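Produce the complete structure using the sequences and hints provided.
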Amino acid sequence: MKTITAAQAQSLMTQGVVLVDVRSASERVREFIPGSQHVPLATLEAQGLPCPMPEGAVFYCQSGNRTQLSATLIRARVSGNCPEDSLYMLEGGMNAWKRAGCAVEANPSRPIELQRQVLIAAGSLVLLGAIAGALVHPGFHALSGFVGASLVFAGITGFCGMARLLMKAPWNRPA
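The sequence shown begins at -3 in the working numbering and counts up by one.
No lab work stands behind these hints: they were computed from the structure. Model, not experiment: these values are computed from the prediction. A few of these clues could be false.
What the hints assert, rightly or not - Now the in silico label distances, taken between C-beta atoms and shown as ranges:
(1) Pro134 / Arg160: 24 to 32 angstroms
(2) Leu69 / Gly135: 30 to 38 angstroms
(3) Asn103 / Gln43: 24 to 32 angstroms
(4) Thr10 / Ala165: 36 to 44 angstroms
(5) Val132 / Glu101: 42 to 50 angstroms
(6) Pro46 / Asn168: 24 to 32 angstroms
(7) Cys98 / His137: 23 to 31 angstroms
(8) Ala42 / Ala165: 26 to 34 angstroms
(9) Ala165 / Gly144: 37 to 45 angstroms
(10) Arg160 / Pro79: 42 to 50 angstroms
Idealized CB from N, CA, C, for every residue including glycine.
Okay, structure coming up:
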């Protein structure tokens, strides 16, 4: 897959090349490139492309990292639906697209995706425990240990208590 800039992607779109958003649904609901198709990586892996893209496709995620890491999977799963020499990835992803001043449909009132909320909360609690443990009382280090153990538990079992709590937060409830 060739890496291209936002300007090159815009030019290819006028020639019929399709932009394919491989981000999760919770990321796309906050913002997306108008005219792009949404095919999350998990869907792409399980089912391939939903329709032929004879002119080619430009794949993008938020920063370009997921697309780059998944390039081999993408090539394998789009085989037959898109010409091999017309597969592209958007350098810098959605972030670069916005920096280039290209059009984006945004809904900033939507909360950031739950996984990022969990990372922010967990990281904040670990940092708080470390700082309070150093400055207030060593017992606060237990907070960092508890959060770390909870993350290990979530990774092993698939149950994340912090995600469950955050889902109930007012900003995550449907309007």
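Status of the hints after comparison with the structure:
1. Pro134 / Arg160: 24 to 32 angstroms: holds, 30 angstroms
2. Leu69 / Gly135: 30 to 38 angstroms: Check failed, 46 angstroms falls outside 30 to 38 angstroms.
3. Asn103 / Gln43: 24 to 32 angstroms: holds, 27 angstroms
4. Thr10 / Ala165: 36 to 44 angstroms: Given range 36 to 44 angstroms: holds, Cβ gap about 42 angstroms.
5. Val132 / Glu101: 42 to 50 angstroms: holds, 46 angstroms
6. Pro46 / Asn168: 24 to 32 angstroms: For Asn168 against Pro46, whose Cβ atoms are near 29 angstroms apart, the range 24 to 32 angstroms holds.
7. Cys98 / His137: 23 to 31 angstroms: Cβ of Cys98 to Cβ of His137: about 47 angstroms, so the range 23 to 31 angstroms is violated.
8. Ala42 / Ala165: 26 to 34 angstroms: Holds, since Ala42 and Ala165 (Cβ atoms, about 31 angstroms apart) stay within the stated range.
9. Ala165 / Gly144: 37 to 45 angstroms: violated, 22 angstroms
10. Arg160 / Pro79: 42 to 50 angstroms: holds, 45 angstroms
Violated hints for the displayed structure, listed by number in ascending order: 2, 7, 9.
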